[in-house]
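Q: Spelled out, the chains give:
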Amino acid sequence: MPECRGLGHSVLRKEDPRFLRGQGRYIDDITLPGMLYLDIARSPYAHAKITRIPEVGELGVPGVAAVITGKVLDQYKLAWMPTLMSDQQMVLPIDTVKYQQQEVAAVVATSRYAAADGVAALEGLIEYDPLPVVVDPHEALRPGATKVRDDKESNHIFHWEHGDRDATEKALADADVVVEQAMHLPRIHVASIETCGCVASWNPVEGHLTLYLTTQAPHAIRTVVALVTAHLGLAEHKIRVISPDIGGGFGGKVPVYPGYVIATAASVVTGKPVKWIEDRSENLAADSFARDYHMRARLGAKDGKVTALKLDTVADHGYSDAAANPSKFPAGLFHVATGSYDLEAAHVEVDGVYTNKPPGGIAYRCSFRVTEAVHAIERMVDLLARESGEDPADFRLRNFIPKDRFPYRSALGWEYDSGDYEAALTKAMDMIGYRDLRAEQAEKRARGEFMGLGISSFTEIVGAGPSKTFDILGIKMFDSAEIRIHPTGKAIARFGTKSQGQGHETTYAQIIAEELGIPPEDIAVEEGDTDTAPYGLGTYASRSTPTAGAAASIASRKIREKAKKIAAHLLEADEADLEWEQGRFFVKGSPDRGKTIQDIAFAAYTNHPQGMEAGLEAISYYDPPNLTFPFGSYICCVDIDRGTGEVSIRRFVAVDDCGVRINPMIVEGQIHGGLTMGMAPALMEEISYDADGNIHGGNFTEYLVPTAMETPKWELGETVTPSPHHPIGAKGVGESATVGAPAAIVNAVVDALWHLGVRHVEIPITPQRVWSLLDERGAALYR
Amino acid sequence: MSAHHVTITVNGEPMEREIESRLLLVHFLREELGLTGTHIGCDTTSCGACTVLLNGKPAKSCTVLAVAADGAEVTTVEGLANGELHPIQQAFMECHGLQCGFCTPGMMLTSKALIEENPDPTEAEVRWGISGNLCRCTGYVNIVEAVRQAAAAIRSEAGEEADHA
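Protein chains in written order, with our numbering: chain A, 1 to 783; chain B, 1 to 165.
In case anyone wonders, no lab produced these hints; they're calculated from the structure. Treat the hints loosely; a few may be bogus.
[Said to hold, decoys possible] Computed far set for chain A versus chain B, every beta-carbon distance over 10 Å:
#1 P17
#2 H162
#3 T195
#4 E415
#5 G673
[As the list claims (entries may be wrong)] What follows is a set of in silico ranges between Cβ atoms, one per label pair, in the way DEER data are often shown:
#6 B/G83 to A/G433: 47 to 53 Å
#7 B/G34 to A/H184: 44 to 50 Å
#8 A/H184 to B/T7: 55 to 61 Å
#9 B/G83 to A/A524: 53 to 59 Å
#10 B/G12 to A/R557: 40 to 46 Å
#11 A/L227 to B/G34: 35 to 41 Å
Note that CB positions come from ideal geometry on N, CA and C, so glycine has one too.
Sequences are here, hints too, so could you generate the full structure?
A: Structure below.
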């Protein structure tokens with residue numbers, strides 16, 4: 001048999017030729033006949049009453065066809081839309097805006113430039129009465145605070161807690177060392193290089209809506225649109241959502257944004273296709289943010305053994321709870337916060353709060369608040385090790401969940417499927433030369449040079465999820481694969497997920513290649529068109545391989561079952577006498593008597609057994625029995641410039657265990673990117689607001705995304721602990737590095753400054769922040 | 001809005017159009033000529049997704065007026081391959097220097113100019129050379145690798161041609 005290049009092969013990507021030649025088809029590349037352009041007027045105030053919006057005639061701008069306002073949408077009951085967390089969010093305001101840069105009204109025009117002219121004219125004519133603003137979530141919780149939402153009792157959205165409070169407090173009281181630390185993971189933005197947008201095309205004759213959309217979850221969007229517009233008579237079979245090539249998602253393309261709904265309404269109103277493409281400022285200032293968790297953590301140890309974790313959190317959600325979580329989890333999977341350690345007890349609490357900021361709470365390349373959880377535990381374990389007088393590596397090695405305890409039930413109730421944390425950390429220490437670097441650090445410190453080593457031994461939780469607990473608006477979080485083998489032995493496979501750069505066209509083809517022996521280049525992979533792809537919940541939270549990847553295996557195995565019957569017929573043998581090797585059934589003991597999958601495919605259409613249906617195809621809707629728990633150990637070595645406060649990452653070793661690797665080249669690419677998006681919030685990225693709610697970080701000159709200059713040359717290592725419940729033992733890898741990296745960097749910086757009495761640094765660790773710490777301690781250099 | 005008659009040579013072919021004076025070069029390429037390989041990622045000349053070669057030098061076409069390119073030669077990603085993939089395209093594929101593909105055209109054109117100026121760039125020189133182009137997916141490691149591999153391939157091609165001459 002020729003090698004079919006299934007699992008474990010770095011097959012070059014099937015999607016690359018079109019991207020390399022500029023032939024990708026992204027949202028702004030779609031142009032329909034007669035298409036109009038939509039642009040949006042936005043609020044200069046963080047909280048204000050709108051006193052006047054002019055009529056279209058007052059604008060006097062050629063080419064402007066319509067102005068869409070909240071009052072127009074309200075006639076169709078579309079001024080508000082539901083969020084995934086059972087809250088509601090404005091599409092366009094009827095009378096009040098709640099954050100700076102909120103959508104106020106939209107202009108539809110015959111060209112992109114005319115629409116922008118219309119918005120400029122409109123923004124000059126809209127009048128406001130400013131209202132008091134609340135931006136600090138702690139402030140927002142105080143009695144008498146400015147109320148953000150007129151339809152709510154207070155700014156407190158929800159209280160959620162998990163774990164055993166009493167057992168945790170008791171264990172902390174019994175501990176001989178307890179460390180406590182407040183930390184803030186600030187607002188950040190995924191800032192995919194392609195912004196969001198859509199082309200809405202309403203066909204009044206057919207009563208049919210085609211929605212080209214930058215979405216990671218096309219089917220879920222179709223169902224949401226159907227539910228939201230049911231009262232207008234739009235039914236799900238008359239809605240087609242097409243997610244074209246996506247220029248980066250990272251969670252930012254999961255939500256439904258007001259612009260999508262306005263463009264759809266505008267298409268219905270004008271009877272023409274309408275395109276809306278947001279610009280970068282709109283993207284950063286108004287699309288869903290990530291993080292913004294204010295955490296206070298306590299971690300205790302007794303006799304050198306870590307025992308209990310308490311985690312209290314204030315979550316700033318902006319003016320609406322529009323977080324992208326599975327419906328039963330208001331704080332996502334934050335309760336994976338016990339991490340890689342064998343704790344007796346833990347308790348986590350989260351209070352969600354409204355403020356005058358944009359809504360959101362998406363993941364930024366992580367599975368539902370896992371980065372927040374990992375940051376908390378990995379910072380605290382480091383602190384606890386130091387307070388106990390032990391090296392953080394040795395302390396971790398002693399406190400890891402031992403590999404013979406898997407499957408392991410965590411103190412907060414998760415069943416970790418597999419793990420070998422000691423192996424990953426030991427490997428990372430060997431790769432970086434941990435003990436030697438410790439010796440170098442001591443020498444340098446004696447000379448007055450500051451270097452630091454930081455570890456993060458994270459456990460992730462990805463692949464949502466089992467239908468018992470995981471749903472979005474009631475829809476279970478399965479995912480799907482449909483495979484059809486053509487008579488000539490080639491195939492097409494369609495999925496409910498949607499790649500945004502992860503290389504699904506290649507990875508899925510390799511899974512099928514492994515299962516059926518059809519080479520990847522003979523398999524077309526399609527996603528993103530709800531008229532053709534089987535229903536699925538989409539790509540986010542590192543779920544594609546754990547769910548749809550598993551479905552690809554299962555559907556392939558169903559095909560193999562039927563193929564075996566056909567092979568038995570062709571070989572005139574008993575099914576029980578057939579054996580499978582990659583790509584071929586043969587008669588036991590007579591390896592020459594066999595039929596390839598290609599022979600069998602041809603027979604499935606030309607010479608199938610009497611009584612059997614023709615064709616060779618299968619579909620699988622895969623409901624994972626558990627989540628998968630990728631893990632890894634990262635070690636970061638930093639040098640700190642005492643003159644400028646600049647932190648430079650000298651080396652960063654990342655040992656990841658994502659189970660079985662399908663395409664090692666793609667996996668490593670995912671880790672490189674994830675590490676960079678882990679470094680970004682640790683050192684550079686933040687969106688903040690002044691007391692009046694004015695945004696800082698609303699464009700790429702203020703919001704600093706890493707370039708090749710700041711990004712180090714990442715060094716990767718791997719261990720392989722297959723998932724015991726996934727059909728091919730894979731786990732999901734797209735986000736591990738983003739989750740694990742920030743704590744390693746912060747731990748390294750704190751380590752470098754520990755001897756000065758520094759115990760914590762908030763992120764982003766800017767040169768100014770570090771220099772101030774040095775200066776306060778008389779350690780800054782002035783030259 | 002005043003109109004202008006311009007002739008811009010794009011990927012070797014002269015293109016004559018009547019355009020508004022405010023039309024940006026990137027919109028000229030994408031919407032007048034339908035060359036959608038040049039992408040738009042920001043409004044502030046920060047991200048470099050719209051990078052093209054303007055008379056051989058990288059230019060961020062979202063902040064160049066099309067009238068300013070009158071009489072100029074522009075190379076876009078569509079002009080890179082000559083039937084076969086250009087060595088830069090080949091290297092980006094082999095080194096996995098792209099994921100979502102959105103920054104890739106701009107990144108490759110910046111790399112082309114970089115290699116023409118410096119046929120054997122060090123890792124540090126490549127990093128500096130592409131620092132005006134943002135990539136959110138790859139973490140740059142494989143892009144840097146791809147640019148160096150492409151440079152080596154171009155040097156070796158040039159060497160072979162010199163041998164034949």
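Q: All hints are to be evaluated individually against the structure, with a verdict given for each.
A: Evaluated hints:
no.	hint	in the structure
1	P17	violated (7 Å)
2	H162	holds (33 Å)
3	T195	violated (7 Å)
4	E415	holds (32 Å)
5	G673	violated (5 Å)
6	B/G83 to A/G433: 47 to 53 Å	holds (49 Å)
7	B/G34 to A/H184: 44 to 50 Å	holds (47 Å)
8	A/H184 to B/T7: 55 to 61 Å	holds (56 Å)
9	B/G83 to A/A524: 53 to 59 Å	violated (24 Å)
10	B/G12 to A/R557: 40 to 46 Å	violated (52 Å)
11	A/L227 to B/G34: 35 to 41 Å	holds (37 Å)
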